[in-house]
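S.K.: I would like the entire structure built from these sequences, with the hints used as guidance.
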Amino acid sequence: MALIPAPALLLLAVSRWQQFKRAFFDETFTGIHQLSWFDWALLAPYFTLLIILSIYGLHRYVVVRTYFKHRQKLPQGPSGRFEQLPPVTIQLPIYNERYVVERLIDEVLKIDYPRELLQVQVLDDSTDDTHPFTEALVARRQALGFPIEYHHRPNREGFKAGALQAGLKTATGEFIAIFDADFVPPPDFLLRTVHFFTDPRIGLVQTRWSYFNRDYSVLTEVEAMILDGHFVLEQGARCGRGLFFNFNGTAGILRQSMIEDAGGWQHDTLVEDCDLSYRAQLKGWKFVYLPALDCPSELPVEMHGFQMQQSRWAKGLTQCARKLLPVILRARIPWRHKLEAFCHLTPNISYPFIMVVWALMLPVMIVRFYVGWLQMLLVDLPLIVACFISIGVFYVAAQRELDPRGWKRSLFLLPALMAAGMALTVINTRGVLEALLGSPNEWSRTAKYAIAGRHHQPLTAKYRRRSGWLPWIELAVGTYFLGMVAFSIETYNFFALPFLLLAVTGYFWAGLATLFQEYRDRRQASRRRRLELETAR
Numbered sequence: 007m008a009l010i011p012a013p014a015l016l017l018l019a020v021s022r023w024q025q026f027k028r029a030f031f032d033e034t035f036t037g038i039h040q041l042s043w044f045d046w047a048l049l050a051p052y053f054t055l056l057i058i059l060s061i062y063g064l065h066r067y068v069v070v071r072t073y074f075k076h077r078q079k080l081p082q083g084p085s086g087r088f089e090q091l092p093p094v095t096i097q098l099p100i101y102n103e104r105y106v107v108e109r110l111i112d113e114v115l116k117i118d119y120p121r122e123l124l125q126v127q128v129l130d131d132s133t134d135d136t137h138p139f140t141e142a143l144v145a146r147r148q149a150l151g152f153p154i155e156y157h158h159r160p161n162r163e164g165f166k167a168g169a170l171q172a173g174l175k176t177a178t179g180e181f182i183a184i185f186d187a188d189f190v191p192p193p194d195f196l197l198r199t200v201h202f203f204t205d206p207r208i209g210l211v212q213t214r215w216s217y218f219n220r221d222y223s224v225l226t227e228v229e230a231m232i233l234d235g236h237f238v239l240e241q242g243a244r245c246g247r248g249l250f251f252n253f254n255g256t257a258g259i260l261r262q263s264m265i266e267d268a269g270g271w272q273h274d275t276l277v278e279d280c281d282l283s284y285r286a287q288l289k290g291w292k293f294v295y296l297p298a299l300d301c302p303s304e305l306p307v308e309m310h311g312f313q314m315q316q317s318r319w320a321k322g323l324t325q326c327a328r329k330l331l332p333v334i335l336r337a338r339i340p341w342r343h344k345l346e347a348f349c350h351l352t353p354n355i356s357y358p359f360i361m362v363v364w365a366l367m368l369p370v371m372i373v374r375f376y377v378g379w380l381q382m383l384l385v386d387l388p389l390i391v392a393c394f395i396s397i398g399v400f401y402v403a404a405q406r407e408l409d410p411r412g413w414k415r416s417l418f419l420l421p422a423l424m425a426a427g428m429a430l431t432v433i434n435t436r437g438v439l440e441a442l443l444g445s446p447n448e449w450s451r452t453a454k455y456a457i458a459g460r461h462h463q464p465l466t467a468k469y470r471r472r473s474g475w476l477p478w479i480e481l482a483v484g485t486y487f488l489g490m491v492a493f494s495i496e497t498y499n500f501f502a503l504p505f506l507l508l509a510v511t512g513y514f515w516a517g518l519a520t521l522f523q524e525y526r527d528r529r530q531a532s533r534r535r536r537l538e539l540e541t542a543r
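This note's numbering puts the sequence shown at residues 7 to 543.
Any given hint might turn out to be false.
[Stated by the list, open to error] Below, simulated DSBU-like cross-link-like pairs (lysine-lysine); rule was C-alpha separation at most 30 Å, straight line:
#1 LYS79 x LYS414
#2 LYS116 x LYS414
#3 LYS414 x LYS75
#4 LYS329 x LYS344
#5 LYS292 x LYS175
#6 LYS116 x LYS175
#7 LYS175 x LYS289
#8 LYS292 x LYS75
#9 LYS329 x LYS292
#10 LYS116 x LYS289
#11 LYS329 x LYS289
#12 LYS289 x LYS79
#13 LYS414 x LYS175
#14 LYS289 x LYS344
#15 LYS175 x LYS344
#16 LYS414 x LYS344
#17 LYS75 x LYS344
[To be verified] Simulated DEER-style distance windows between Cβ atoms:
#18 ASP205 x ILE58: 22 to 30 Å
#19 PHE418 x GLU163: 32 to 40 Å
#20 PRO206 x LEU507: 16 to 24 Å
#21 ILE61 x LYS175: 22 to 30 Å
#22 ILE58 x SER532: 46 to 54 Å
#23 ASN161 x PHE500: 57 to 65 Å
#24 GLU122 x THR541: 47 to 55 Å
#25 ILE339 x ARG472: 22 to 30 Å
#26 ALA50 x GLY86: 37 to 45 Å
#27 ALA482 x ASP205: 53 to 61 Å
Hints were generated in silico from the structure; no laboratory data involved.
Glycine included, C-beta positions come from ideal geometry on N, C-alpha and C.
M.R.: Rendered as structure tokens:
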């Protein structure tokens, strides 16, 4: 075979490129010219919303970069130590937590700290048999000499924020540690956190959450990855960079004078922890995040429980954005603080946007079929990199940082994580719209069962909320995406198939898992009734 001279090869390559360019742009402009006003009315909002979503996706890359650039600045230890340990109050807010409250109390009483300097407040708003059960538990431990006391409110005014604020009236500690009912604090928790407060500017020390039932199922593994992304990268990046970050409502210790200076616990949002955090930092208080100290907790093991928890956080964070963003943007703080606060408080607005994109997707696919998929790829590819590939980069980076040896499993869990995230769009959209419309708050607790590891026993239906219309809407949306899968195959648009199949998987997973759980609950209830009748006979 004769060799082609280099100049001739270069001329041939240039000629081929010019031919491709002419054909490519001629086809592109011809396709665009054929679009009607109706086509543009579909394409314009569709791509506008995708660009907005891609901005939040790009922020994930910024968080990852910020974390790795500033992780060395995360505090490794306190700058000083108290010669005489200060008094500490531990608050345990609970509401109908019959299955986990005994574990919580017993583990808290194992915390290593002088008894004469410790006060444990059980703040019980329960309306079921948790109330007498917990009261008896506390009485028995008081008799053994533990510094624990029981408080029960006749009403739930202000929900958790109201209980915490009521507890402060009798709190004797200079510092307040808070643990939710599903947490198990390590014995050295106070001794590893309290000395940070030798710096009078420090108002909070937040520790990292870990999960003793993360291996229960694929769902709990996905939940753990989602939370790890927040605790490893987001909290680490913000603390390391010196930006504002939030108290997570539990597994942290706060200076009581800081709480009072910031205006106390307020219950006009469902995220009283985030609300207090920003109010305090705007007043100049400094926060510390300790990723090296983890506090084990229990993840929701049911799909609907996971969805309700995420929806409550989405609604609360949006409420917090409405309340505080005007104050933050007017405050005399660096623009980086304002920008990061905006990105932190507003990401859930993406859920209504995603629902609109979902609704437009099929007609847009039909319109774009006549324009040509190759040309639109120039627009799609950057948006896909920003919106979706950023998710993989973000959560895999968090797992690699947390577990350098076992992080590769997260690669196999990424499709499940993305599918579960898509399945949150319906319920989180409702939460965000309720926040924007000022709907009254309703505290929806997340059922916990004291489950650890892979323990697949049937779960009692107690504390489980009925899903109502949600799973049926999810199945309907999943069917809609199934239709788009068929259309994509028919039009040879195979590029869209991975995304569409993830959406189908996520919605059918969420809807069918919830319906199956409720069907099993009905069968168990029916079996119990039959046994009761047979016993009565």
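S.K.: The structure should be examined with respect to each hint, and the outcome stated for every one.
M.R.: Evaluated hints:
With a C-alpha separation of about 27 Å, the suggested pairing of LYS79 with LYS414 holds against the 30 Å cut-off. As the CA atoms of LYS116 and LYS414 are separated by approximately 36 Å, the hinted pair breaks the 30 Å bound. Among the hinted pairs, LYS414 with LYS75 is consistent with the structure: their alpha-carbon atoms are about 23 Å apart, no more than 30 Å. A threshold of 30 Å between alpha carbons decides the hint, and for LYS329 with LYS344 the separation of about 14 Å falls inside it, so the pair holds.
Between LYS292 and LYS175, the direct Cα distance comes to roughly 24 Å. Compliance with the 30 Å bound is thereby established for this hinted pair. Between LYS116 and LYS175, the direct Cα distance comes to roughly 25 Å. Compliance with the 30 Å bound is thereby established for this hinted pair. For the given pair, LYS175 sits about 23 Å from LYS289 by alpha-carbon distance, which is consistent with the 30 Å threshold. Simply put, LYS292 and LYS75 have alpha-carbon atoms about 21 Å apart, close enough for the 30 Å limit, and the pair holds.
The straight-line distance between the Cα atoms of LYS329 and LYS292 is roughly 21 Å, inside the 30 Å bound, and the hint therefore holds. For a cut-off of 30 Å, the pair hint linking LYS116 to LYS289 is broken: about 35 Å separates their Cα positions. At most 30 Å may separate the alpha-carbon atoms for a hinted pair to count; LYS329 and LYS289 meet this at roughly 16 Å. For the proposed pair LYS289 and LYS79, the alpha carbon gap of about 23 Å is at most 30 Å, so the pair holds.
For the given pair, LYS414 sits about 49 Å from LYS175 by alpha-carbon distance, which is inconsistent with the 30 Å threshold. A hinted pair counts as satisfied when its Cα atoms are at most 30 Å apart, and LYS289 with LYS344 qualifies at roughly 14 Å. A threshold of 30 Å between alpha carbons decides the hint, and for LYS175 with LYS344 the separation of about 34 Å lies outside it, so the pair is violated. Only pairs whose Cα atoms come within 30 Å are accepted, and LYS414 paired with LYS344 is rejected, the gap being roughly 35 Å.
Distance hint between LYS75 and LYS344 is fulfilled; the C-alpha atoms sit about 20 Å from each other, no more than 30 Å. As the Cβ distance of ASP205 to ILE58 is approximately 40 Å, the hint placing it in 22 to 30 Å is violated. A hinted range of 32 to 40 Å is violated for the C-beta pair PHE418 and GLU163, which are about 46 Å apart. A beta carbon spacing of about 56 Å between PRO206 and LEU507 contradicts the range 16 to 24 Å that was offered as a hint.
At roughly 45 Å, the beta-carbon separation of ILE61 and LYS175 lies outside the given 22 to 30 Å, and the hint is violated. The hinted range of 46 to 54 Å is satisfied by ILE58 and SER532, whose Cβ atoms lie roughly 49 Å apart. A beta carbon spacing of about 58 Å between ASN161 and PHE500 agrees with the range 57 to 65 Å that was offered as a hint. For the hinted restraint 47 to 55 Å between GLU122 and THR541, the CB-CB distance of approximately 52 Å keeps it satisfied.
Distance hint for ILE339 and ARG472: a CB-CB separation of about 44 Å, inconsistent with the stated range 22 to 30 Å. ALA50 and GLY86 have their C-beta atoms about 59 Å apart, which leaves the hinted 37 to 45 Å range violated. At roughly 55 Å, the beta-carbon separation of ALA482 and ASP205 lies within the given 53 to 61 Å, and the hint holds.
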